[in-house]
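Asks: Each chain, letter by letter, is given below.
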Amino acid sequence: DSGVTQTPKHLITATGQRVTLRCSPRSGDLSVYWYQQSLDQGLQFLIQYYNGEERAKGNILERFSAQQFPDLHSELNLSSLELGDSALYFCASSVGGGITDTQYFGPGTRLTVL
Amino acid sequence: EDQVTQSPEALRLQEGESSSLNCSYTVSGLRGLFWYRQDPGKGPEFLFTLYSAGEEKEKERLKATLTKKESFLHITAPKPEDSATYLCAVQERSSNTGKLIFGQGTTLQVKP
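Going down the list, the sequences are from chains A and B. Okay, so the first sequence: first residue is 786 according to this note's numbering, each after it adds one. Okay, so the second sequence: first residue is 4 according to this note's numbering, each after it adds one.
Heads up, some of the hints might be wrong.
[Claimed, not checked] Pair ranges (Cβ atoms, derived):
1. A:T792 <-> B:N99: 41 to 49 Å
2. B:E12 <-> A:R895: 17 to 25 Å
3. B:D42 <-> A:G869: 21 to 29 Å
4. A:H858 <-> B:R64: 30 to 38 Å
5. A:S850 <-> B:K114: 41 to 49 Å
Just so you know, these hints were derived from the structure itself, not from any lab. Bear in mind that the values here come from a model prediction, so they are computed numbers and not experimental data. Glycine residues also receive a C-beta, built at the ideal position from the N, C-alpha and C atoms.
For reference, chain A alone in the conformation it holds in the complex (with noise of 0.2 Å):
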């Protein structure tokens, strides 16, 4: 148990709805990242949030946004979806602002987009 939790677990959903994923980073942790995992494009990173600021921005879509909140959590907001949206989305969290620092990862949601 790496002590980053997320939910829900699974999500199954429609195309062009709108769904919201949410992570606790482990206690003391600053920094929150998002990935996506597919089958065919690996992990790939999103976003990252340090400290409630936006710190880096990967290949994340418009209709895909986050945010970090004073407590520390974050939540992804997937708008509009699409089947192509059907993955593993990961959250991961580190002590510091992410220079070297190791990230844990937490157990995922699986979203479905039917």
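Chain B: place on chain A using the hints.
Replies: Only chain B this time, still in chain A's reference frame:
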């Protein structure tokens, strides 16, 4: 373009049969190379971080090494419980963030 390539894609070993997994990378400058283990349907589990060429780290039956262009994960006398997907990731020196660039992984199956 920054790239991480892992080989082989899949590896089948008999219990006790040692082998190595390869991770080659192309980045403008390496800040760190990370190895993770991932079981089906679960999140990646951290194994090692390597920072500079020549560095080695060990944990039980696993040993990770780093050169200027690649890293190897050596598995000595593997057991069935070592079956998993092993992921390699790099962090660029020019990045002031925690962004990791992952390879596609090597799926290891160890048969009793």
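Asks: All the hints need checking, so say for each whether the structure fits it.
Replies: Taking the hints in turn, this is what the structure says about them:
1. A:T792 <-> B:N99: 41 to 49 Å: Taking Cβ atoms as reference, T792 (chain A) and N99 (chain B) lie about 31 Å apart, which means the hint is violated.
2. B:E12 <-> A:R895: 17 to 25 Å: Because 22 Å falls inside the window, the suggested range holds.
3. B:D42 <-> A:G869: 21 to 29 Å: 25 Å, holds
4. A:H858 <-> B:R64: 30 to 38 Å: Since H858 (chain A) and R64 (chain B) have Cβ atoms about 37 Å apart, the given range 30 to 38 Å holds.
5. A:S850 <-> B:K114: 41 to 49 Å: This hint holds: roughly 45 Å between Cβ atoms.
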